[in-house]
Amino acid sequence: MPPKDFCGKRPLKDTSDHSEARDADADLLARYAAGDNAAARLLSARLSPRAFAHAFRVLGDRAEAEDVTQEAMLRLWKQAPKWDAGRAQAATWIYRVVANLCFDRLRGQRAETLDEVDAPADPAPGIETRLQDSARHDALQAALLRLPERQRQAVVLRHIEGLANPDIAEILDVGIEAVESLTARGKRALTADLAAQRDALGYDDDTT
Amino acid sequence: MHWGMMMTQRDTFDLEALFEDARANPPQMRSDLSARILADAETQMPRVPLWRRVMGAVGGPAGLGGLVTATVAGFWIGVSPPVDTVDPLVLFGAVESTAAYELTDLTGFDWATFDLDSEEG
Chain A
1 MPPKDFCGKR
11 PLKDTSDHSE
21 ARDADADLLA
31 RYAAGDNAAA
41 RLLSARLSPR
51 AFAHAFRVLG
61 DRAEAEDVTQ
71 EAMLRLWKQA
81 PKWDAGRAQA
91 ATWIYRVVAN
101 LCFDRLRGQR
111 AETLDEVDAP
121 ADPAPGIETR
131 LQDSARHDAL
141 QAALLRLPER
151 QRQAVVLRHI
161 EGLANPDIAE
171 ILDVGIEAVE
181 SLTARGKRAL
191 TADLAAQRDA
201 LGYDDDTT
Chain B
209 MHWGMMMTQR
219 DTFDLEALFE
229 DARANPPQMR
239 SDLSARILAD
249 AETQMPRVPL
259 WRRVMGAVGG
269 PAGLGGLVTA
279 TVAGFWIGVS
289 PPVDTVDPLV
299 LFGAVESTAA
309 YELTDLTGFD
319 WATFDLDSEE
329 G
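Heads up: the sequence lines are chains A and B, in that order. Heads up: the first sequence begins at 1 in the numbering used here, then just goes up one per residue. Heads up: the second sequence begins at 209 in the numbering used here, then just goes up one per residue.
To be clear, the hints were calculated from the coordinates, so they are not data collected in a lab. Think of the CB as a built atom: it goes at the ideal place given N, C-alpha and C, for glycine as much as any other residue. Just to be clear, a hint being listed does not mean it is correct.
Chain B regions said to be covered by chain A (calculated; three or more residues, Cβ under 8 Å) [as the list claims (entries may be wrong)]:
id, stretch
1, 225–234
2, 237–246
Beta-carbon label-pair distances, calculated as ranges [as the list claims (entries may be wrong)]:
id, chain 1, residue 1, chain 2, residue 2, range
3, A, N37, B, D292, 51 to 57 Å
4, A, Q197, B, T251, 43 to 49 Å
5, B, V287, A, R46, 53 to 59 Å
6, B, A270, A, D84, 23 to 29 Å
7, B, M263, A, P148, 52 to 58 Å
8, B, V262, A, Q109, 49 to 55 Å
If you want the ones that stay clear, here's a sample from chain A, every Cβ over 10 Å from chain B, calculated [to be verified]:
id, residue
9, H18
10, A88
11, T92
12, R96
13, R105
14, R107
15, G108
16, R110
17, E149
18, R150
19, D167
20, G175
21, E177
Could you put the whole structure together from the sequences, leaning on the hints where they help?
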């Protein structure tokens, strides 16, 4: 049940939620490191759906998002015995790993596409087409995939995952001002893109 | 003016409604992904030595210290009971009293010495 307005300021609630979640996750990680299987199940249930949702929205491909989620969780399992309870919230940590893995994949895909351009004999579909084919065919998802990577990640984290700017700054390894700028530019680009699509394809914006 | 209104409408899009829809319908993970993640968790789980698990169960070094103290104290009370100790067997009515000479053999209870049959009859 996400709050309606994510731009609203909820500093107090955020702080207490954060420390509670951090303690709970740190406790679960310690239990996992001590050999508790139930703790692994709880951690996976808490963190992996969020990791998957973000990866799916950013990559636009289910199989890729699944691989990224599994890899991020694998790194969490490996990190568990060395987990510093005071340092990071596990959810933020996982988002950060997922964001970096997504960047790596997108860069890899770009390189692949360039190779395909070099070899014109192979009429492989462009990256955009492949992403759109496997993504959910909704207008927002398609428009998200047309955004530059950083704007895409920032917009998804802010407006779909509902994270606060300081968390997003930590996840994307940038300053808070940069997050604000990325989300603002991303939203402007999305609005223009979706409005243009609506006009070009002639579908009505039935959400208003 | 009409044209201006149309331009405004074309340039805007109710993005927030789409975000809301996306939040309400997050992409769902398939169950085999959860299974893969938990299989990894099991493989990566640190092997905890038995003595560390036992230590954990008794509450760490402090708990272990308590256990040692209790064991030593219990053993000592067994070897050299205080003179006015109330014998539990007396409380149960199994024997009338346990004099010191009856307890010389601490290593094995010889129930025959208590002669339970004659007590009941």
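Evaluation of the provided hints:
no. : hint                        : in the structure
1   : 225–234                     : holds (count 8)
2   : 237–246                     : holds (count 7)
3   : A/N37 / B/D292: 51 to 57 Å  : holds, 52 Å
4   : A/Q197 / B/T251: 43 to 49 Å : holds, 45 Å
5   : B/V287 / A/R46: 53 to 59 Å  : holds, 54 Å
6   : B/A270 / A/D84: 23 to 29 Å  : holds, 24 Å
7   : B/M263 / A/P148: 52 to 58 Å : holds, 53 Å
8   : B/V262 / A/Q109: 49 to 55 Å : holds, 51 Å
9   : H18                         : holds, 20 Å
10  : A88                         : holds, 19 Å
11  : T92                         : holds, 18 Å
12  : R96                         : holds, 18 Å
13  : R105                        : holds, 16 Å
14  : R107                        : holds, 22 Å
15  : G108                        : holds, 21 Å
16  : R110                        : holds, 23 Å
17  : E149                        : holds, 18 Å
18  : R150                        : holds, 18 Å
19  : D167                        : holds, 16 Å
20  : G175                        : holds, 24 Å
21  : E177                        : holds, 22 Å
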